[in-house]
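Protein chains: 2
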Amino acid sequence: MPSKGELTREKVLEEAARVFHRKGFLTTTVNDLLEVTGTTKGNLYFHFSGKEDVGLEVLRRAKENFRRFLCDSLQGESPGAQLENFFVQVLKRNRDKGFIGGCMFGNTALEASDNAPAFVEVVSEVFAEWIGLLEEPLTAAQAGGQIRSDLPAFQLAEMIVASIEGGIMQSRLQKAEGPLLRTLDSLRVLLALES
Amino acid sequence: MPSKGELTREKVLEEAARVFHRKGFLTTTVNDLLEVTGTTKGNLYFHFSGKEDVGLEVLRRAKENFRRFLCDSLQGESPGAQLENFFVQVLKRNRDKGFIGGCMFGNTALEASDNAPAFVEVVSEVFAEWIGLLEEPLTAAQAGGQIRSDLPAFQLAEMIVASIEGGIMQSRLQKAEGPLLRTLDSLRVLLALES
Chain A
22 MPSKGELTRE KVLEEAARVF HRKGFLTTTV NDLLEVTGTT KGNLYFHFSG
72 KEDVGLEVLR RAKENFRRFL CDSLQGESPG AQLENFFVQV LKRNRDKGFI
122 GGCMFGNTAL EASDNAPAFV EVVSEVFAEW IGLLEEPLTA AQAGGQIRSD
172 LPAFQLAEMI VASIEGGIMQ SRLQKAEGPL LRTLDSLRVL LALES
Chain B
22 MPSKGELTRE KVLEEAARVF HRKGFLTTTV NDLLEVTGTT KGNLYFHFSG
72 KEDVGLEVLR RAKENFRRFL CDSLQGESPG AQLENFFVQV LKRNRDKGFI
122 GGCMFGNTAL EASDNAPAFV EVVSEVFAEW IGLLEEPLTA AQAGGQIRSD
172 LPAFQLAEMI VASIEGGIMQ SRLQKAEGPL LRTLDSLRVL LALES
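These protein sequence lines are chains A and B, in that order. Just so we're aligned, residue 22 is where the first sequence starts under my numbering, counting upward by one. Just so we're aligned, residue 22 is where the second sequence starts under my numbering, counting upward by one.
So here's chain A without its partners, still in its complex pose:
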């Protein structure tokens, strides 16, 4: 059974994740954290060394969660079907969030790139892992003739990640699914995906 301290720590991380996701790691203040978590300053600093410590733990957990999402969504009877299912799940995941918050990793990439190396490190790992996980079914789909073969699988994986990040950005800005929906639709056509 988790101790009272562990429960407090979990509760802080859970509530903090929400405000970080919406406001960003750098813009969120310690006061924001105290307000949303309903905890005292003393309690917060008992469990964490500061805002960055909370933020990095939230980001690391989000990384694990996203890894599970990628592995779960890249499932299907053929490499083409795996990619198709991934596209479907990406739209669903973002639609379920009402296009609020967007992609925590994309947000953090943009706010932290020139300012916060510890965050950059985790986010870089997320994108490298994402590209690597896509590269496998893309290579297999090329071998099986289910997508075009005139660009390296790695480059296609990078392109898919870049355009999804841009599509999420536009959908979040417009609070409408259209941009991400059409980006995924374009990717299917441009890849010549047969699932």
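For the record, the hints were derived by calculation from the structure and aren't laboratory data. Mixed in with the good hints there might be a few duds.
All copies of an identical chain are treated as equivalent in the list; a pair is satisfied when it fits inside any one copy or across any two copies.
Unchecked claim - Okay, derived cross-link-like pairs now, DSS-like style, lysine-lysine, Cα gap no bigger than 30 Å in a straight line: (1) 196 / 84; (2) 25 / 72; (3) 196 / 25; (4) 72 / 196.
On a predicted model such as this, the values are computed, not experimentally measured, just so you know.
For this one, chain A is given, so just place chain B on it according to the hints.
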């Protein structure tokens, strides 16, 4: 001849643009502005009603600047050549900045989408204008057989903007031109661009 007050205002906007670009509009504080501009609080508030006022003016000027960049780079003897020149200039523009700061509009889209409606409005206008300016040569290039015609020009324009934003994000994160370079290279192949 501009008055001393006008010169101060210009200087504040110029220096403020640099720190906003690197740190974002929401993360930058009034103290950051005072520090980089070397002005006093009284002087800053004489010229602007507050941080948001400075930020919005910086963003509006960046919008005008980007519009000129788009019009200047979408030049060429054919629609295909215009698109090719645009791709070349996008890479050059970001390389010249050393991939620091990235795209001010993309950054602002991600930091402001759920928090700062005044910024969202300007950024939305930038992206709508960018997509509109790309749609023209894309439509003409489709008519002239210089790019693929199986997706609407508007959808291709959206896809180009999304993937460039994602490519800039990745290049900025890695401080390397590779991701944006390959994104643009992929776009040429995926569009079947003949310039």
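| request: Check residue 196 against residue 84 for me: Cα-Cα at most 30 Å, and say if that holds within a copy, between copies, both or neither. | output: The answer is both: 24 Å in one copy and 21 Å across copies each meet 30 Å.
| said: Cα distance capped at 30 Å. Does residue 196 pair with residue 25 within a copy, between copies, both, or neither? | reply: neither (39 Å within a copy, 43 Å between copies)
| Is it within, between, both, or neither for residue 72 and residue 196, if the alpha carbons may be no more than 30 Å apart? | Both. Shortest intra-copy (29 Å) and inter-copy (26 Å) distances satisfy the 30 Å Cα cut-off.
| query | What label fits residue 25 with residue 72 when the C-alpha limit is 30 Å: within, between, both, or neither? | reply | within (21 Å within a copy, 42 Å between copies)
Taken one by one, the earlier hints fail for this structure only at number 3.
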